[in-house]
Amino acid sequence: MGMTMTQKILAKHAGLDQVEAGQLIEARLDMVLGNDITAPVAITEFRKAGLTEIFHRDKIAIVLDHSVPCKDIKSAQLCAQARDFAREYHITHFYDVGQMGVEHALLPEKGLVAPGEAIIGADSHTCTYGALGAFSTGVGSTDMAAGMATGLAWFKVPPALKVTLKGRLRPFVSGKDVMLHLIGLIGVDGALYKSLEFTGEGVSALSMDDRFTISNMAIEAGGKNGIFPVDGVTRAYLDGRVDRPWESFEADPDAVYEREVVIDLNELKSTVALPHLPSNTRTVDQVAGTPIQQVIIGSCTNGRLEDMRQAAEVLKGRKVAPGVRCIVFPATQQIMLDAMRLGYVETFIQAGCAVSTPTCGPCLGGHMGVLSDGERAISTTNRNFVGRMGPVSSEIILASPSVAAASAVTGVVTDPATL
Amino acid sequence: MKVYKYGDNVDTDVIIPARHLNNPDPKALASHCMEDIDADFASTVEEGDIIVAGANFGCGSSREHAPVSIKACGVKCVIAASFARIFYRNSINIGFPIMECPEAAAEIQAGDKVSVDFATGVITDETLGKTWEAAPFPAFINGIIENGGLLKSLKARGIAK
Chain A
6 MGMTMTQKIL AKHAGLDQVE AGQLIEARLD MVLGNDITAP VAITEFRKAG LTEIFHRDKI
66 AIVLDHSVPC KDIKSAQLCA QARDFAREYH ITHFYDVGQM GVEHALLPEK GLVAPGEAII
126 GADSHTCTYG ALGAFSTGVG STDMAAGMAT GLAWFKVPPA LKVTLKGRLR PFVSGKDVML
186 HLIGLIGVDG ALYKSLEFTG EGVSALSMDD RFTISNMAIE AGGKNGIFPV DGVTRAYLDG
246 RVDRPWESFE ADPDAVYERE VVIDLNELKS TVALPHLPSN TRTVDQVAGT PIQQVIIGSC
306 TNGRLEDMRQ AAEVLKGRKV APGVRCIVFP ATQQIMLDAM RLGYVETFIQ AGCAVSTPTC
366 GPCLGGHMGV LSDGERAIST TNRNFVGRMG PVSSEIILAS PSVAAASAVT GVVTDPATL
Chain B
1369 MKVYKYGDNV DTDVIIPARH LNNPDPKALA SHCMEDIDAD FASTVEEGDI IVAGANFGCG
1429 SSREHAPVSI KACGVKCVIA ASFARIFYRN SINIGFPIME CPEAAAEIQA GDKVSVDFAT
1489 GVITDETLGK TWEAAPFPAF INGIIENGGL LKSLKARGIA K
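First to last, the sequence lines map onto chains A and B. First residue of the first sequence: 6, per our numbering; consecutive thereafter. First residue of the second sequence: 1369, per our numbering; consecutive thereafter.
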């Protein structure tokens, strides 16, 4: 029986010629990731279990990105715990304030993930690296502890949902709109336990940053991972970042898919997700005029350079509306430097935005942009659950950087094409 | 033991809001468990109570703090129509029992008296006088649960040192 891209990578990492959906396997890992919220729990479990050895100091990444720069004493203590462990075990890829970025922007940027590799991360958006043709998935802290100790993780081989993309995106429409559209179509559990396998001639017209955004939100459809084939765009991105050998995997022609969804990129409009589920989608014109008080542009979903460019193009020569707070978070130090060099940061500040050092803070209501009672934000992040960014009465509308920036200018949900 | 019943897509942000993740102590997490969906839960839950919910329970974040907080409340198990995959594996990895049974999840009502037999997967609603059978775990997963969680099972197999 034919295998999907995901199944081939898992078979290879389990040392098997063939795997099929539903099979339980143990796979060898190329990278184990954790952050300042999940790594401390993993470290506590690691120590509690009496473990003293890690499998490979170069294949563990610890990124302090969620509550940093530390928002309170308890967060500082968690960071200290992670820092001490990284020092004790000589973890090569430990990123602290000043070097760190939002983990799922940082790892690809640093060349720590490559096609054909198997990666687990104690963060649900670890599925981001599927954009590079890797198998990567989010796990919990105990999985991270086990992965650090053994270099192994158990998986149930996922069945697949095939997403065939055709055509090209129109101006102001981005990878975020593709993914919100897909989640609206299949629901927040539409890909539960499954892999999302993106394919079709439309893939080649998607930039690397669009692909990262799409793979990033596979979890918002319940997916185990969201994977793209490797092409010239991928290779151009990897060039100069990854110098170790890597392998790309193509799906067999007779691979089995539980379902196929076809998306014509030409027909997509800017799309938003209304409170309180990522699947509660509308095209932006359907909800234009809805008032917002805060705008968040950034995160592991949309904090990359192309996202900064899209926001800057909308904000250039314009001002953030009175009564609106717009906070921009370039996702890594390198993205910040590039955004400065290209004039985006100046555009943001001239427009009246706050520009921040990288952090996941506002996305999960941690810090740097928590909402008050009854406030509504439009955000380029990934989740709009009840209480995600503030009290239970606050609301989040998920959107692309262009839509978020246009909404910042008007103070209401706005289609950037109408500005 | 009593049942707390919730709908579909109970996400990890309502099970344990991120504002409480700065203190991962299980007892501290338990004191805020379900706070944003059911403000009375943490103060009324008792040892042996059961959570019953719809589809996609535990969706969202990978935070293991979610099943840890439920377990630390003394909840005996969660019965749901389906589980989000990270919550599912986190529960197994920490040795916390979950049961996937759409029929039981639909019919059991809040306040019902329910008992569960993990060995057989049989769920009994004594109030309704009905029983259901949840799909059993494969042997590999049972091995993890029976060893008291993933790390203990890897140690028992001599893989983790």
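Where hints are given, some of them may not hold.
[To be verified] With a cut-off of at most 27 Å between alpha-carbon atoms, the simulated DSSO-like pairs for lysine-lysine come out as follows:
(1) B/1498 <-> B/1395
(2) B/1395 <-> A/161
(3) B/1498 <-> A/79
[Said to hold, decoys possible] Not the full set, but computed from the structure, chain B residues with beta-carbon under 8 Å of chain A:
(4) 1406
(5) 1408
(6) 1411
(7) 1415
(8) 1424
(9) 1429
(10) 1450
(11) 1461
(12) 1496
(13) 1498
(14) 1505
(15) 1508
(16) 1516
(17) 1518
(18) 1528
Hints in this document: simulated from the structure, not taken from any laboratory. A virtual CB, placed ideally from N, CA and C, is assigned to each residue, including glycine.
To see whether the hints hold, each was checked on the structure:
1. Proximity of residue 1498 of chain B to residue 1395 of chain B is assessed by CA-CA distance (about 34 Å); at most 27 Å being required, the pair is judged violated.
2. Distance restraint check for residue 1395 of chain B and residue 161 of chain A: the Cα-Cα separation of roughly 32 Å exceeds the 27 Å cut-off, and the hinted pair is therefore not satisfied.
3. In summary, the hint linking residue 1498 of chain B to residue 79 of chain A is not supported, as the alpha carbons are separated by about 47 Å, beyond the 27 Å threshold.
4. Taking 8 Å as the C-beta cut-off, the interface hint given for residue 1406 of chain B is violated, the closest approach to chain A being about 11 Å.
5. Interface hint status for residue 1408 of chain B: violated, as the beta-carbon distance to the closest one in chain A is roughly 14 Å, over 8 Å.
6. Nearest Cβ of chain A to the Cβ of residue 1411 of chain B: about 17 Å, over the 8 Å cut. The hint is violated.
7. Hint status for residue 1415 of chain B relative to chain A: violated, with the closest Cβ pair at about 23 Å, above 8 Å.
8. A least Cβ separation of about 4 Å between residue 1424 of chain B and chain A falls short of the 8 Å threshold, and the interface hint therefore holds.
9. With 8 Å as the threshold, the beta carbon of residue 1429 of chain B comes within range of chain A, its nearest partner Cβ sitting at about 5 Å, so the hint holds.
10. Interface restraint check for residue 1450 of chain B: the shortest CB-CB distance to chain A comes to about 6 Å, inside 8 Å, so the restraint holds.
11. Interface hint at residue 1461 of chain B: satisfied, since its Cβ lies 4 Å from the closest Cβ of chain A, which is below the 8 Å cut-off.
12. Interface hint at residue 1496 of chain B: violated, since its Cβ lies 27 Å from the closest Cβ of chain A, which is beyond the 8 Å cut-off.
13. A least Cβ separation of about 26 Å between residue 1498 of chain B and chain A goes past the 8 Å threshold, and the interface hint is therefore violated.
14. With its C-beta approaching chain A no nearer than about 10 Å, residue 1505 of chain B sits outside the 8 Å limit, and its interface hint is violated.
15. Because the closest C-beta pair between residue 1508 of chain B and chain A is about 5 Å apart, less than 8 Å, the hint holds.
16. With a cut of 8 Å, the hint placing residue 1516 of chain B at the interface with chain A is violated, because the nearest CB-to-CB distance is about 10 Å.
17. The beta carbon of residue 1518 of chain B comes within 5 Å of a beta carbon in chain A, closer than 8 Å, and the hint placing it at the interface holds.
18. Using the Cβ-Cβ criterion of 8 Å, the hint placing residue 1528 of chain B at the interface with chain A is satisfied: the shortest such distance is roughly 4 Å.
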